[in-house]
Structure formats: C-alpha cells, structure tokens
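Visitor: The lines below spell out each chain.
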Amino acid sequence: MTCELSRTTLHGYIDGELDAVRAAEFENHLEGCPQCRATRDRMESLRTQLRESNLYEYAPAGLRERVHTQLFEGSSEKRENASGRRWFLVPAFSVAAIAFAFWLALSLVQPHTHSAQITAELIDAHVRSLQPGHLTDVISTDQHTVKPWFDGKLDFIPPVADYSEKGFSLTGGRLDFVDGHSVAVLVYARAKHIVNVFVWPARSTETMSDSSGSRQGYNWILWHSGDMTFCIVSDAAPTSLAQLRDLIHP
Amino acid sequence: MLQPEQRTRFEQLVLPHLDAAFNLARWLLRNRADAEDVVQDAMLRAYRFFDQFRGGDARAWLLQIVRNNCYTWLDKHRPADLMTEFNEEIHRTPSTDPEKLAVQSDERGQLMRALESLPARPREVLVLRELEGCSYKEIAEITGIPMGTVMSTLSRARERLQQAMTGSVAKEASNDV
Chain A
1 MTCELSRTTL HGYIDGELDA VRAAEFENHL EGCPQCRATR DRMESLRTQL
51 RESNLYEYAP AGLRERVHTQ LFEGSSEKRE NASGRRWFLV PAFSVAAIAF
101 AFWLALSLVQ PHTHSAQITA ELIDAHVRSL QPGHLTDVIS TDQHTVKPWF
151 DGKLDFIPPV ADYSEKGFSL TGGRLDFVDG HSVAVLVYAR AKHIVNVFVW
201 PARSTETMSD SSGSRQGYNW ILWHSGDMTF CIVSDAAPTS LAQLRDLIHP
Chain C
1 MLQPEQRTRF EQLVLPHLDA AFNLARWLLR NRADAEDVVQ DAMLRAYRFF
51 DQFRGGDARA WLLQIVRNNC YTWLDKHRPA DLMTEFNEEI HRTPSTDPEK
101 LAVQSDERGQ LMRALESLPA RPREVLVLRE LEGCSYKEIA EITGIPMGTV
151 MSTLSRARER LQQAMTGSVA KEASNDV
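Same order as they appear, the protein sequences are chains A and C. Under our numbering, the first residue of the first sequence is numbered 1, with each subsequent residue one higher. Under our numbering, the first residue of the second sequence is numbered 1, with each subsequent residue one higher.
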C-alpha cells in the first residue's frame with residue numbers, strides 16, 4: 001500500500017506549491033515515511049532527467065518571421081518586398097530623365113532646399129515603413145475601418161478609399177512624422193510593391209509645389225489638392241504612381 | 001483592429017511567449033511542422049482578440065488559445081489521438097510498449113518517446129510543469145483542470161511517464177493510482 005500523501009501532497013511539495021505550514025508538516029511526515037522518501041527520490045530523479053534532456057522545443061526562426069509578417073505587414077509578399085527590393089533600381093532611364101528635367105525646372109523657379117528635405121524625409125519614412133512591424137498601425141482592406149482609425153489621432157481626416165479594382169489594394173494605415181508634423185499614411189499594395197500615400201494639411205508657409213522624382217531607387221509624386229498635400233512614395237514604376245494619383249484625384 | 005499602443009503592448013506582452021506557444025503545440029501535436037501551422041494561426045487569433053485580454057498572465061492567456069487550437073486541430077486531423085486519451089483515462093492502461101522503449105539507448109530519445117507515448121492530457125500537464133515551468137495556477141488556467149486537481153493530475157502524469165521510461169519498474173506504484 002502506497003502512502004496516500006506520496007501521490008498528492010508530495011508533488012505539491014516538490015513543486016514548491018505548498019504553503020509554509022503544509023510544507024513543514026509534510027517534511028515532518030517525510031522523516032517517518034520511507035515510502036514517501038522513496039517516491040520523492042524517484043520523482044526528483046525523473047525531474048532531473050527531464051531537465052537535463054533539453055526537451056524544450058524553441059520556435060523556429062521562420063515561424064517567428066511569418067508571425068511577424070502576418071500580424072504587422074498583412075502578407076508575406078510585402079516582407080519579401082521589404083528585404084529583397086530595397087536597393088532595386090528601376091532601369092527606366094527615360095522616365096528618370098524626364099523627372100530630373102521636371103525637378104530642374106522646378107528648382108529654377110523656387111528654392112528647392114526645403115522641398116528636397118521633405119521628399120528626403122518622406123522617402124526615409126517609406127524605407128522605415130518597410131522594416132518588419134513598421135508598415136501599418138491599422139491593418140484593414142476596408143476603407144470604413146481605416147478612415148475612422150485616424151479620427152482623433154490627427155486634426156484632419158485624410159480621404160481614404162480602396163482601389164483594388166484598379167490594382168491598388170488598401171492594406172492599412174499608420175501615423176508618421178514628417179517635417180516636424182504628424183502625417184497620415186495610407187498603405188496600398190500594387191502587385192508586389194508597397195505604396196505609401198502620405199497626407200497632411202498644406203501649410204501657408206510651405207513653398208513646395210507639385211513635383212515628382214526618384215531617389216535611392218524610390219519614386220515619388222507630390223501634389224496639393226484643396227488644403228491637403230499628398231505624396232506617393234514607392235519602388236513601383238512612376239507610371240503606377242501617376243495612375244494612383246489620378247485615382248485619388250481624378 | 002488594434003490601436004498602436006495596443007499593438008505595442010501585444011509585441012511586449014504576447015510575442016515574447018512564441019517559444020512557449022511552439023513548445024506546447026509541438027508536444028501536443030507531436031510534430032514540428034503541424035505545430036508551426038497551428039501556432040501561426042493561434043498568434044493571429046490572439047492578435048485579433050487581444051482587446052479581450054484583461055491583463056494578468058499573458059503567457060497563460062496565449063497558451064490557452066494555443067491549446068484550444070491544438071485540440072481543434074487534432075479533432076479535425078487526428079481524432080484518434082484524442083480517442084487514445086479518452087480510453088486511457090478510463091482504462092488506465094500503459095500506451096507504450098516497454099520493450100520497444102528499452103531498446104532505445106539514448107536517454108533523451110527514450111524520454112522523448114516516453115513523453116510522446118502519454119495521452120494528451122497528462123502529456124500537456126507535464127510539458128507545462130516540467131518544460132515550461134508553469135505554476136499550478138497557470139496550469140489550471142491554461143488547461144481548464146480545476147486548481148484542486150492539478151496536483152493529483154501531475155502525480156498521475158509523472159507516474160505514467162516513469163512507467164513509460166522504465167517499463168514495468170513503476171508498474172507497482174501506478175497500480176495504486
């Protein structure tokens with residue numbers, strides 16, 4: 001006959017789950033009960049064996065990445081985009097040349113240092129957003145989810161629409177910080193490209209005018225509409241960016 | 001969907017327990033690839049329902065979800081695994097072939113097979129206690145076993161494991177269980 005305590009209290013004892021009084025009581029019992037001592041030794045050696053066998057199975061790195069991508073970036077394609085395409089230069093020289101000429105023309109009529117600084121910031125913000133976990137604060141393909149999300153976070157509401165039928169799927173939104181101000185960012189997926197649309201209220205002191213260009217392999221188009229400033233940044237082709245601009249403001 | 005501060009909380013409170021999630025799923029499903037699938041799904045579920053997390057033990061909260069997903073998955077793909085548990089609980093017959101286990105010379109391999117040979121219920125309790133280091137309270141929260149019976153469940157599970165390890169040596173002790 002096995003001592004009753006060896007199959008109940010003993011386990012609470014070796015697991016450190018007994019309160020001080022019960023633990024002391026059991027220790028007293030242990031002194032006079034060879035069966036409990038034998039069971040304790042058996043169980044302790046089993047536990048040591050378990051500990052020393054390293055049976056713990058850690059999550060594989062691939063799973064960790066997939067979970068992160070799935071939760072914070074919406075789909076696995078975008079992650080590939082982030083790591084694989086960052087330094088990919090679109091070999092559209094003619095388009096770049098036109099953009100350059102456009103930029104040159106602009107730079108002649110106005111001081112471009114401020115606008116160059118803002119576009120640099122926007123592109124930096126775009127690159128930053130491609131880091132795992134930084135793309136979206138609100139993940140949704142539903143404009144009716146994304147739009148209210150901005151409510152109360154900014155002192156303006158950006159226009160939010162999904163253009164899936166035209167090849168630009170809304171994947172979410174986030175807040176970003178550009179030129180010392182909070183800006184709204186709408187995130188679209190264009191095939192395997194991520195497209196960030198930055199929106200903020202135009203300020204009277206702003207000397208920027210509509211412009212577009214390319215930098216570090218990323219293209220951008222900036223324009224004003226009403227009292228808002230918009231800027232699209234992506235590694236997608238400039239024609240795609242222009243297409244999206246025309247969708248936002250036909 | 002989560003607000004940014006909620007997302008940060010999720011990243012800080014729940015994501016660090018991915019290893020715990022995987023470990024539990026791997027031992028419940030007895031297969032790494034299946035565990036990866038189920039855990040990925042469970043993490044998404046946890047993320048979606050994070051606003052229902054009322055503070056407290058985030059690991060236990062996550063493991064509860066992982067465990068539910070594992071049982072749902074087993075029910076769908078390997079119902080026999082759960083039947084085994086059912087029969088075991090009633091008949092209390094050792095699920096393993098001691099001779100076969102005795103052939104295993106490698107102690108780790110032997111222990112691994114012994115643990116895998118246990119029915120799901122004692123197996124998960126052992127994994128939570130011995131590998132994950134969960135308290136009785138956490139085990140109760142994760143598995144739904146009443147707090148008062150965690151101790152005796154663990155006791156039976158340990159006896160079963162040792163029985164599976166050493167074959168007939170522990171039989172005498174477990175006959176009393």
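Treat the hints as calculated values from the structure; they're not laboratory data. Heads up, a few of these hints could be off.
Unchecked claim - Residues from chain A that face chain C, not an exhaustive set, calculated with beta carbons under 10 angstroms:
{"no.": "1", "residue": "P60"}
{"no.": "2", "residue": "L63"}
{"no.": "3", "residue": "T239"}
Cβ coordinates follow ideal geometry from the N, Cα and C atoms, glycine included.
Visitor: Each hint should be assessed against the structure and marked as holding or not.
Guide: Structure-based check of each hint:
no.: 1; hint: P60; in the structure: holds (7 angstroms)
no.: 2; hint: L63; in the structure: holds (5 angstroms)
no.: 3; hint: T239; in the structure: violated (32 angstroms)
This entry does not satisfy hint 3, going by the numbered hints stated previously; all others are met.
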